[in-house]
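There are 2 protein chains.
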Amino acid sequence: MAVRDDIKVLDATIRDGGLCNNFEFTDEFVYELYKTNVKCGVDYMEFGYKASKTMFKESDYGKWKFCNEEDIRAIVGDNPSDMKIAVMADVGRCDYKTDFLPKSESVIDMVRVACYIHQIPTAIEMIEWFHSLGYETTCNIMAISQVNTEQIDQALAMLAETSVDVIYLVDSYGSLYPENASAYAQKYLSAVENTGKKIGFHAHNNQNLAFANTIETMSYGISYLDATVQGMGRGAGNCAMELLIGFLKNPKYNLFGLLNFIEKHMIPLKEQGVMWGYDLQYMFTGLLNRHPREAIEFTNAKRGDYSEFYKTLLDNF
Amino acid sequence: MAVRDDIKVLDATIRDGGLCNNFEFTDEFVYELYKTNVKCGVDYMEFGYKASKTMFKESDYGKWKFCNEEDIRAIVGDNPSDMKIAVMADVGRCDYKTDFLPKSESVIDMVRVACYIHQIPTAIEMIEWFHSLGYETTCNIMAISQVNTEQIDQALAMLAETSVDVIYLVDSYGSLYPENASAYAQKYLSAVENTGKKIGFHAHNNQNLAFANTIETMSYGISYLDATVQGMGRGAGNCAMELLIGFLKNPKYNLFGLLNFIEKHMIPLKEQGVMWGYDLQYMFTGLLNRHPREAIEFTNAKRGDYSEFYKTLLDNF
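These protein sequences, in sequence, are chains R and F.
The first sequence begins at 1314 in the working numbering and counts up one residue at a time.
The second sequence begins at 1314 in the working numbering and counts up one residue at a time.
Excised from the complex, chain R in its bound form (with noise of 0.2 Å):
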């Protein structure tokens, strides 16, 4: 029944979510979620990507793939709440020293890096950057059940020497079992010791594990916790933040005010044929370890033959 003080809740639906609709939410939408994050004790909120516009077209996306200055502040005006505002910047696909204010003069509080193992090096310059530049920083490694863990290792030790706040465990292929997910929670933890620097987790839900996954992690020390509302997020989507909100029993957390923007935005969201959540399909990509590409692929050409998908998968490995 005891709080944690420590834990920060992070809702990730317009940036992970954005994946699911190009990033072609509404202002009101946006507007609506940071108005209901607010209310709803929410610590952070990422509105997007950081994405380079000399790589993407803006005009072939939603404004959230980009994040300007503007577009943020049209919704937040100067972010008068508690609620902090971050993006993601891609490692390799966000031009940083060009698109990113000294903090001084942005709305943005945190920047979370996004990179693969192999882009630690470039990840650390880019904390820097945005470190001198006054913004907190996250690492986010992604697809950490694809590497070896001598890698694993080696990349957590450069990082502890770094100015990064926050070094994210991301299970990016859901292919984690909660005995997996804590196994890594303890290693990341054991990383940072005495740094004073945080672990978050962000889960995907393709073996309907996103919400176990999330609380076990954070038994074990996990404090940033990724969520997104109905756990919208590509293919079989995230941690569910009315999931993590009913089971958080600190009072800052609210589910009503959740409940009210799920039924007016996120129902219609659906019916309008956005698309993700737990399915066979992502179970199977779960299991294999895979990347869910193949997945999306079968979801969205609405096919129903799993056993023949599961079929080429195998085939395929």
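Hints are computed from structural coordinates only; laboratory data are not their basis.
Take every hint as true, because none was put in to throw you off.
Note that identical chains are pooled: a pair holds if it fits in a single copy or bridges any two copies.
Within a straight-line C-alpha distance of at most 30 Å, the following computed DSS-like cross-link-like pairs (lysine-lysine) qualify:
#1 K1577 x K1624
#2 K1352 x K1624
#3 K1624 x K1348
#4 K1562 x K1500
#5 K1583 x K1615
#6 K1624 x K1321
#7 K1376 x K1366
#8 K1577 x K1615
#9 K1562 x K1624
#10 K1624 x K1565
#11 K1511 x K1565
#12 K1615 x K1348
#13 K1376 x K1348
#14 K1370 x K1615
#15 K1366 x K1397
#16 K1321 x K1562
#17 K1352 x K1615
#18 K1376 x K1416
#19 K1500 x K1321
#20 K1348 x K1366
Bear in mind that the values here come from a model prediction, so they are computed numbers and not experimental data.
We have chain R; now place chain F onto it with these hints.
Then chain F, alone, in the frame of chain R:
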């Protein structure tokens, strides 16, 4: 990666799933499921309830509420497979002295006695009756999340002295988190230490934790695991068989055959309007540790006013 040879998987699709469609499965469905379970290595298949025909009119339900010997035999013949056949006997809703043949004359292998905590003395009488007829027996103590610890301890001590083969931990309201489920698991396991009795787990998916709780309790030594195809069961449903079989590394369990069955028989069932599975209304009753009946009514009425429903639940605490 090690295989646990003590694990027994029980398919409860017809029994718990029957609560979603009034037990009105076609013979073809039940036959195909039987063949699928045999092929997939499932250890037990539960065919339904042995409900009292003096309390319930046979014409009001599908046949699997009553599990007449001839109806089971019409599906399985003499059951030449290695898979065992189970039925459920509800304390207070079963004419157990008249409705069971001696095991030597029946194709049924196991009788699962389901009871609430105050019915333990009757459950024990029934267990001894079924044992004397030659059946394997289980005792499934329901709704334990609403029972105080001393009563559970007393019930377990009483059952440890009986002929029962397996005692089931049953999370009827889907209100347990993995940390609670594992604490109960350890309590149940220690109560039967050195008796040769086994412990089972039956999950409900109200907080999307049915699978997670099942593998969590298994990791503590629980060995009888209930699952249903696609989690079909009352309200939010149960632990999904496909997730469980995917997780178990024992080569005797075969996922592929199950996928064929899902494609051909489960998807059509959903398309016909049979409803089950995780949704917000079930999360609420799980969170509040309540019977799902109001959430089932909300579902059947196709309501979408989640926040209003949640408020009503809080008002009626």
